[in-house]
Amino acid sequence: MINKKKSIRARLGITIAVIVALVSLGVACTKTSRQERKPMPLVLPSNFPAPIYNLSSNPITVEGFELGRKLFYDTKLSRDGTISCGSCHIQGSAFTHHGHDVSHGIEDRLGVRNSPPIMNLAWSQFFFWDGGVFNLDLQPIAPIENPVEMDEHIPNVIEKLKSDAQYPGLFYKAFGEGDITSSKMLMALSQFMLQCVSAESKYDKVVRKEGAVFSAEEQLGFDVFKAKCASCHSSDLFTDNKFHNNGLVPSMVNDSGRYRITLDPKDFYLFKTPSLRNIMKTAPYMHDGRFLNIDAVLDHYDHGVQVNSTLDTSLNKNGVVGIKLTVADRANLKAFLNTLTDDSFIRNPQLAEQ
Amino acid sequence: MFRNIFVLFAASLFCFASCKKTTPLEFQPGDKGELEVEFDNVIGGVNLQLNTGSYTNASGETFKVSLLNYYISNIKLQNADGTTYTVPRDSSYFLIKEENPSQLITLRDIPAGNYTGISFVLGVDSLKSTAPVAERTGALDPAAAGAGMYWSWNSGYIFLKMEGPSDVATSGDKKFRYHIGGFGGFSTPMFNNIKQISLTAPGTSMAEVRKGKAEAPHIHIMADASKVMNGPMNISIATNTTVMVSPFSVNIANNYVSMFSIDHIHND
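One line per chain: the protein sequences are A and B, in this order. Numbering follows the numbering used here, with no gaps: position 125 of the first sequence is 125. Numbering follows the numbering used here, with no gaps: position 170 of the second sequence is 170.
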């Protein structure tokens, strides 16, 4: 009797112990796997609109971000191992190619295009000056496969990554079981690029009332900007994410811009409105880098605007072509544009090559 | 009334039973089997020979073919009983390449039955054309199997790609290049070259899909690549050596929509 009771109790004890062990094992397991991949959600600045990138389709983790950063700075992505994404998108120039015009010769694409910044891309619907790519994850295929850029084929890149000493482990850490695939590589690159957020300029600290105030000159410049530029360079992203013809004389190669993508005659010579964040760090300017400094840009808006059938109507109103700027306007505008420089972004060690 | 129905029912039962005797029902509901579909690329009445064969188009121009690739997707099968079976989306995208040793696709887990027709999309539907990268697997991976069939600068698949040398071509290397795509535009409506193609088996032939058949039934489709150039608008290589993303591409797509036919079906 007693023995039996004892054994039942013992068995019960063992069962409970096993259950407790299993449960704690389970807890421990989820704990470690959660520890293994640390979420790194995008910090959404309070003065920005809602992001466009579908963040839940590619949740950012520390491991995915770090893998993406390594890929971004790795010359393995080019055929002869000489060039990385970071070669043309340099952090110190807000991820542009400071002082360079870049020729872009994919298939039947002609022309010279200037590298735009890798910045606040979660808020972009369209990539490239003509908006030909509509999903950030699909974007890196173009430079990798472009004969005048990295001239490599992604299947080769995947093979190189598979036979590398470090990448298989890093992909495992970022994405778990399974082979290295092109979609994992593209998603990791996106995770890194999405984290390239610039929202700590003086301007941001003023509008978010974080203690900074505009000087009188900057405030006057902001007023000019709101009156004359913000219709296209709108919101705190400084772009309406749309396409306009801002009156540039067509380039030598007659880059038709958005028309190449939509074949809609209304889109001839329309280009994506670029953000003006960090603008003082990203010369040369415009899609082909034709203007070497900001004065040349202001000259253009003041007296260089060319009238043609697709010129934005706001640049040819009431018989006035362009945007007339007084000497004072120009000085104030430049003072304002300087407040858009975000040193913490340009120097963020997290975004630099490690 | 009820009696009538009962009589009808009994009669039909009897009919079924007697039918069963002459052609025994070879499959049970729920049975599944395989079906093969071959895309046999030809030019007119002759087999297409990459790089070597020399052909003449309706504009009287001679040319060779060095490359022929196209996407087949969204396959549906017409059952003799009047129903249609839709191959599940995610196993319904194929890239046919003449340079590969085989242009045969195998459809698995097809409900047993007798199939008299097949329909498919030549190209990639707009839903997949705009899908996230993680959903672009297999033949659709723009960075792997689908490389070369994807415009990276203008996100979109090339539905059909045909290239080859011709003395009348005006390009530097004397090659014509027809890269036809266009799913209708992402934000601005654009031309749409997604083509729906429906084919019926000749005569009374049927593909008999059965469970565990040693030899899967085989639908043999002829794809006459001369129709890329010849059709409602005869294309001249001299005038249109290169056709890619342009409204003119619609004319080529309107031609090749009739390039396919079921030549025959065999069941063993």
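Hints are supplied without guarantee of correctness; some may be wrong.
Said to hold, decoys possible - For the chain A half of the interface with chain B, some residues (derived, Cβ under 7 Å), not all of them:
1) 36
2) 40
3) 41
4) 56
5) 62
6) 134
7) 142
8) 145
9) 154
10) 156
11) 179
12) 182
13) 186
14) 207
Hints were generated in silico from the structure; no laboratory data involved. The structure displayed is predicted, hence computed values, not measured ones. By construction, the Cβ of each residue, glycine as well, lies at the ideal position given by its N, Cα and C atoms.
Enumerated hints in conflict with the structure, sorted upward: Hints 1, 2, 3, 4, 5, 10, 11, 14 not satisfied by this model.
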